[in-house]
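Protein sequence lines correspond, in order, to chains A, B, C and D.
Using the numbering used here, read the first sequence as starting at 1 and increasing by one per residue.
Using the numbering used here, read the second sequence as starting at 1 and increasing by one per residue.
Using the numbering used here, read the third sequence as starting at 1 and increasing by one per residue.
Using the numbering used here, read the fourth sequence as starting at 1 and increasing by one per residue.
If you're looking for bench data, these hints aren't it; they were derived computationally from the structure.
Keep in mind it's a predicted model, so treat the numbers as computed, not measured.
Do not take every clue at face value.
Any copy, or any two copies together, can satisfy a pair, since identical chains are not distinguished.
With a cut-off of at most 20 Å between alpha-carbon atoms, the simulated EDC-like pairs for lysine to aspartate or glutamate come out as follows [unchecked claim]:
| id | residue 1 | residue 2 |
| --- | --- | --- |
| 1 | Lys214 | Asp119 |
| 2 | Lys173 | Asp322 |
| 3 | Lys11 | Glu257 |
| 4 | Lys173 | Asp62 |
| 5 | Lys174 | Asp322 |
Protein chains: 4
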Amino acid sequence: MASSGAVSKIKVGVLGATGAVGQRFVQMLQGHPWFEITALCASERSAGKRYADACNWNLRGDMPAHLRDVILQECEPGIDAQIVFSALPASTAGEVEAAFAAAGYGVCSNARNHRYDDDVPLLIPEVNPEHLALIDIQRRQRGWAGFIATNPNCSTTHLVSALHPLHVRFGVKKLFVVTMQAISGAGYPGVSSMDILDNVVPYIGGEEEKMEQKEPQKLLGVFDGQQVRYADFVVSAHCNRVPVRNGHLEAVSVEFEERPSEAAIVQAWQEYRPLAQQLNLPSAPQPAILYNAAQDRPQPRLDRLAGSVPGMATVVGRLRPDPLLHHKFMVLGHNTIRGAAGGSLLNAELIVAQGYLGPEAAALAQSLEVA
Amino acid sequence: MASSGAVSKIKVGVLGATGAVGQRFVQMLQGHPWFEITALCASERSAGKRYADACNWNLRGDMPAHLRDVILQECEPGIDAQIVFSALPASTAGEVEAAFAAAGYGVCSNARNHRYDDDVPLLIPEVNPEHLALIDIQRRQRGWAGFIATNPNCSTTHLVSALHPLHVRFGVKKLFVVTMQAISGAGYPGVSSMDILDNVVPYIGGEEEKMEQKEPQKLLGVFDGQQVRYADFVVSAHCNRVPVRNGHLEAVSVEFEERPSEAAIVQAWQEYRPLAQQLNLPSAPQPAILYNAAQDRPQPRLDRLAGSVPGMATVVGRLRPDPLLHHKFMVLGHNTIRGAAGGSLLNAELIVAQGYLGPEAAALAQSLEVA
Amino acid sequence: MASSGAVSKIKVGVLGATGAVGQRFVQMLQGHPWFEITALCASERSAGKRYADACNWNLRGDMPAHLRDVILQECEPGIDAQIVFSALPASTAGEVEAAFAAAGYGVCSNARNHRYDDDVPLLIPEVNPEHLALIDIQRRQRGWAGFIATNPNCSTTHLVSALHPLHVRFGVKKLFVVTMQAISGAGYPGVSSMDILDNVVPYIGGEEEKMEQKEPQKLLGVFDGQQVRYADFVVSAHCNRVPVRNGHLEAVSVEFEERPSEAAIVQAWQEYRPLAQQLNLPSAPQPAILYNAAQDRPQPRLDRLAGSVPGMATVVGRLRPDPLLHHKFMVLGHNTIRGAAGGSLLNAELIVAQGYLGPEAAALAQSLEVA
Amino acid sequence: MASSGAVSKIKVGVLGATGAVGQRFVQMLQGHPWFEITALCASERSAGKRYADACNWNLRGDMPAHLRDVILQECEPGIDAQIVFSALPASTAGEVEAAFAAAGYGVCSNARNHRYDDDVPLLIPEVNPEHLALIDIQRRQRGWAGFIATNPNCSTTHLVSALHPLHVRFGVKKLFVVTMQAISGAGYPGVSSMDILDNVVPYIGGEEEKMEQKEPQKLLGVFDGQQVRYADFVVSAHCNRVPVRNGHLEAVSVEFEERPSEAAIVQAWQEYRPLAQQLNLPSAPQPAILYNAAQDRPQPRLDRLAGSVPGMATVVGRLRPDPLLHHKFMVLGHNTIRGAAGGSLLNAELIVAQGYLGPEAAALAQSLEVA
């Protein structure tokens, strides 16, 4: 884990490094221009073992060679890092993340536990960067040296990413969404092959509630200097599991405050260049939203890795009139990259760039980018 | 093709007998109590060949042994049959079916060509048996000795079957439906494995139009003695192809004239016993609709063959409140059985039972049933 | 669980009734002419619960309605049954089965624990019914009132079934076999969808050892009145897991004592009518082996349920010369029916018919069959 | 199609550019250091159309933008190119390739038509670069200004690649191979999803013949200055189609002249650094063979893109003793990259480097590499 160059990077740890999302963090952090893994943490059962021995690597390509011999640590403050990425299960994430934040770490979490806390940002850098101001409130209220920032659920992420430029211009009022979600969204071993081969399962525990009642409304809500006032559109969600490895596909129908033309919607997507893209954050796809005009796209296999940073963009297509609401279209995005580890990673990049990790980290990042 | 017993049955032919739907007709007619295959017809290219030579049998189990040596005939009137089941492609079905009807045959068609003709019944026996009266009008207007009756598209069939008992009691007003359709719906060879393995294709040509504008409204329309007045609810449909062999799964949200309770909806499904079931038609499932209360059902693999006549029932489940409309639920049904060949077959049974093939055929059917 | 008729049947219990193989036992015993389930046993964790509550039913069709309310018992002698079918995992099967046998039950086991015991029959009724004589030796040596009989591993079952009529006539000398095994062979949840979707896994723990060193040689061995002298042909096995739900497909090359013609091999398969078929045992398929002459068969989807008792026959095809050995061909069979629960069930039928459960049971079975 | 830099590259054309293999050629030639596409040719039906209009692009990522507007030409000499890559179907490849070779083009073909011609090299650069000398004989005998060189069938390629270093050291004598081949090997639309979902098809037309009688023996044969004397080992092959998108997996058992230790085999693979790797050809993977010591590898999903040039390496694993022959192991390789387009491309690179396209092309390539 020695630094690969003369200039040292920002030290980061991964909590839950052996699981499916943990592996994605490790994969995406490999060769990252700003961050360097200095600690891998896992459950008590795995702590003390070599990473290569405790982790059943399940991604294409091999485990990064220089991490094979790293000894896994327990998920407790004391590790050598400034930022920790949390891929912990909900059963333990709540307390562990709070402990790290209290101890001064910047916690970028993919777990759902703190997403709906009033003083914790639920963040998509393209969508609601101003919500980061909650970090100051969080620190003040809780007396923490560090902080927690979270990214939304995989299905919500791409839905809201596609809606954001439309919401800004036309105001989302009503929303139907039916998801067809990939098996990797359930982790590993996750979905039994006996349940999904030649089948669709029309139920994913807790998923519809997240999409209908909480996440889109918080993400598209307005920060008034004190708190986030939730957006008040209505969402109806049906969530399904399909036999696809990666990539959540969503059929969306939407009604706006005022009905825009199809051309206006396409324009809103194509002109979309939010802060994360303006800042050229290392993991920010350029552009953030890809509009595919073909009549049968997006498709998971063909489009889940589309764009300048594979797996980070949201792909939209099949825009057409909706007989009930105004318009309908399809949304696709990679669920374990942008929808999980990549979401946390981009959050961390924004956090560093905006100075929430301190001016030194921000300056270091800027210098590394230039280099 | 000799009769298996002393009493002869009603003679039927299959048009397009070598294709995917044609094979289903042949499979479902095997051992039918009323009907006996006396002619198999195919394209010019196949006519003159043995059925076993021209047909690449693709269903589980072997081709019925007694049909292997049958010589395929061309799709022209003159064959020895009273009813013909049409599994013809849309490119040829229009004219061929009209020729058969003009020549005195009762044509039960799965093709879309005549579905929307004003004087042709688009029929689901449980839903709109009174539309059969269009046959008299059709014969009178066209001067045909025979007639054409059609069954709806596979996706529409199960959607409307699930809605019918609700529409009768509560009045459907608005409808949102997203389908996840099986590959067999595209016939054989149909969908390339390169397109669908590890993928979902969010487009099926012409499917959304059928579901939004025509079929549900005609099926649930009122026959006023002269014509069918289309029902006027609004439908929004998204149609998708998923890597499932058989069984179309549909996510449905619906708004009624007045909001019923969930219990009232379940009761409407469970008390549903329409004419086809009262008549005990041989292919009518008992009950017509199966309500599954488990939170993760229906599923294609587990439920597509559920019920008393495998593949003929419609399965519903996951009933829950919808934040935008009134209720949401899932609908599942077998697409090549009830959604295609089985739909035509049940239509033919109702037609015979109601006397549209003449009193002798009706009496024969009754006698065969008793035996 | 009351008897469905006036005549009572032979009482049977199922050990491990909630698992994948246990469910198959329950499914296959439904409506069995000789046997009636009088006890369902499961792990300590499930004992005391209703079967419907403890068991996540995973087979097509619903759990038999009359068993839903049955209270699960622990896997200990004392249950009301003469025969127990064991679907226990290897971790507990060894001792539990021995306890039942000692207590007087006839144990028909699908577990591997006792398969290779010198005094325990490893049985395929068509192949080595004379090995049942080991039961007498077993009882004498172990002082047991009951006994244990086992069926082979799923891959071995169909391989040896296909070889048996050839071995009898031509003498198998060398054998090369590569399996492509279905996911259901690993139970439930078994194989993660993450591991097998769009993939093949070229490793199944312990499988090659069973096929190379033990099972085929014991099954085709000769019982000399005291013991089974193992057949001494050599087997090379490669075992693979493929994304197929049910049905193990095996590519086989074989060398005999003397090279038979292809016609002689086909004749041996087609004339095959061993004891189980002669006795007309209820679960014995007629015929035992199906030879399919098409160039691209057998295939799992099309052939796994072929024959008179679905899932119980072995299907062979693609017979052709082998450049290295004598002949090559494909073997297919259902792995959780004949390869597991159905194998044990047919064993039990032979055991009853041959009088190993006592003359009363044999007489009862005979009377039930006649009725 | 303007050159991307100041230095012009070697001009190449693609015959059959719209098909599955043709698209791979286009994809792999994008950004190639030596070659630049200057002509895309297709069937009469497509000639004259824009590439974007005539080609249903099926690979991940979009069609190269600068080729979208290229007008497709007919497959006839006259195009502006020195090398043509042939992805033509066997029905037309024979004559068309000969016409191009006669007219002075270097034809690098993936078609099977000329593979077994005595004076045409069947080439894997790592295995038999000395067979390129056949080009001189071919030109002399046929009076051609150009030439044809071919690459083997996808299944043969990786099998022989894995065997070559062993054959050199230990001498292959007998060989069993059972393939589990990906659907992409059949092109597009190729295998119907109806045939392969939840299934294995144990038959691929002509495949076993190629592997048993011709290709391995020619590839590993000795060029004696006049002709290739075929190696004389015996091969038994079973070929199967499995529901995997890309990557052919092969179970291999082999007997050598003398039995090497397992360590010696691993060493032979690990020390393997043939000419193509020594020359650092742009598409030559480093190393050519990847040995994976895990007990359950290689697997198509995890390993088909392994190595320094994705899809070009051969991956071996699961080495263990074989009870019948000497050793058994698994071989995996990408079938449409190294097994098709990539094989032809690497052949072309060797041909250029060895001067068969003339000294200028060789010098140009060398200069481009340095740059």
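Cross-check of the supplied hints:
1. Lys214 / Asp119: Cα proximity of lysine 214 and aspartate 119: one copy only (15 Å, versus 51 Å across).
2. Lys173 / Asp322: both (14 Å within a copy, 15 Å between copies)
3. Lys11 / Glu257: neither (46 Å within a copy, 56 Å between copies)
4. Lys173 / Asp62: neither (46 Å within a copy, 34 Å between copies)
5. Lys174 / Asp322: Classified as both: same-chain Cα gap 12 Å, cross-chain 12 Å, threshold 20 Å.
The structure fails hints 3 and 4 (numbered hints given earlier, in ascending order).
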